[in-house]
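**Q** Each chain, letter by letter, is given below.
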Amino acid sequence: MQQEASDEALMVRAQDGESEAFADLYVRHRPALTAFLTRFTGSPMLAEDLAQESFVRLWEARERFEKQRKFKIWLYVAAKNLAINALKAQREQMLPEELPEQAPPRPSALSELVTEALQALPEPQRLALVLTIYEQFSHREAAEAMGCTEVSARVLAFRARQTLKQRLAPLLERGYETENI
Amino acid sequence: MRQRISDTSLEALLRRGDSAVEATEVSEAERAMLLARLAEMPSTGFTPRRRLSGAPTALFLLATAVGLAIFWPRLTPQQVARVVPISPHRVSISPHRVSISFLETVVTHIVIVADSTCLSGEPVPTEHIVIRGDATSVVTTIEPIEKTEVSL
Chain A
0 MQQEASDEAL
10 MVRAQDGESE
20 AFADLYVRHR
30 PALTAFLTRF
40 TGSPMLAEDL
50 AQESFVRLWE
60 ARERFEKQRK
70 FKIWLYVAAK
80 NLAINALKAQ
90 REQMLPEELP
100 EQAPPRPSAL
110 SELVTEALQA
120 LPEPQRLALV
130 LTIYEQFSHR
140 EAAEAMGCTE
150 VSARVLAFRA
160 RQTLKQRLAP
170 LLERGYETEN
180 I
Chain B
0 MRQRISDTSL
10 EALLRRGDSA
20 VEATEVSEAE
30 RAMLLARLAE
40 MPSTGFTPRR
50 RLSGAPTALF
60 LLATAVGLAI
70 FWPRLTPQQV
80 ARVVPISPHR
90 VSISPHRVSI
100 SFLETVVTHI
110 VIVADSTCLS
120 GEPVPTEHIV
130 IRGDATSVVT
140 TIEPIEKTEV
150 SL
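Chains A and B are the protein sequences, given in the same order.
Numbering that gives the first Met the number 0 applies: residue 0 is where the first sequence begins, and numbers increase by one.
Numbering that gives the first Met the number 0 applies: residue 0 is where the second sequence begins, and numbers increase by one.
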């Protein structure tokens, strides 16, 4: 049975100009990357665009890929940077009256409540939480993707959990019943 | 009193309420679209970046240092009186401008028009620069035009 080529091996082939190898990486990682970006930005449409753009940027920068580096982290660094810039641009374009209110969430479906709670977290905390819980990154890998120390990533993830526990406590205590939250 | 919530139950809730679980697999058409987009992008060449050796950098720094030592501006009235356009404003001098070649007086005046009124065809002076100096030193004062009555 033929063993599947590693991400890094595919990326090395992509560095030699083999776009098919890079397309294999796209097929392999685009769904998970889109999911990550959806969780981080709160917008599936924006996430789709950013995921595609992330791959395009990596293709442009393929010469700079270092073989000893993990491709997935490199990809998530690019995606994270694009997402942060996109969120910043969105905030700058918003008029003050359009800024989201900090009012308690109205009764809604479970996924909406979870999304709202995630989006209410400060960006670094949200990023640390999404990477460690959903993407199964270790704290060291999350730190590398975030460009901070492992201790910082651990602290950010911890604070995010504490905030979410407080915010989602009524849901957790009532077995995910979403009425009157 | 609220019960303590475990990490496990929080994670279970986050997964159950995850809005991104429906991310679809990449279709052949999407893959083909990506390949087409990559093909359109200009080739960057595949040679690894060459690290510059230290010699050209050192030479550049040396040449810069020598150039600065030789050409560092000594402020003479002629040099200061040169009008330099300042972005983003348009800059012009008044009709009474002083030609650099005639700058022999100790005190000279320059009126700078540096605002959007330049575009209207009737420039309005905005700044008044007074240059006082001799062969060895120059003192320049800049005053907003509304505070200065210019008589040239």
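In case anyone wonders, no lab produced these hints; they're calculated from the structure.
Each hint should be verified, as a subset may be incorrect.
Cβ-to-Cβ under 10 Å is the rule here; a few derived chain A residues that face chain B [what the hints assert, rightly or not]:
#1 Phe21
#2 Pro30
#3 Glu122
Here a beta-carbon is modelled for each residue, glycine too, at the ideal position from N, C-alpha and C.
**Q** Which hint numbers does the structure go against, in order from smallest to largest?
**A** Structure breaks hint 3 only.
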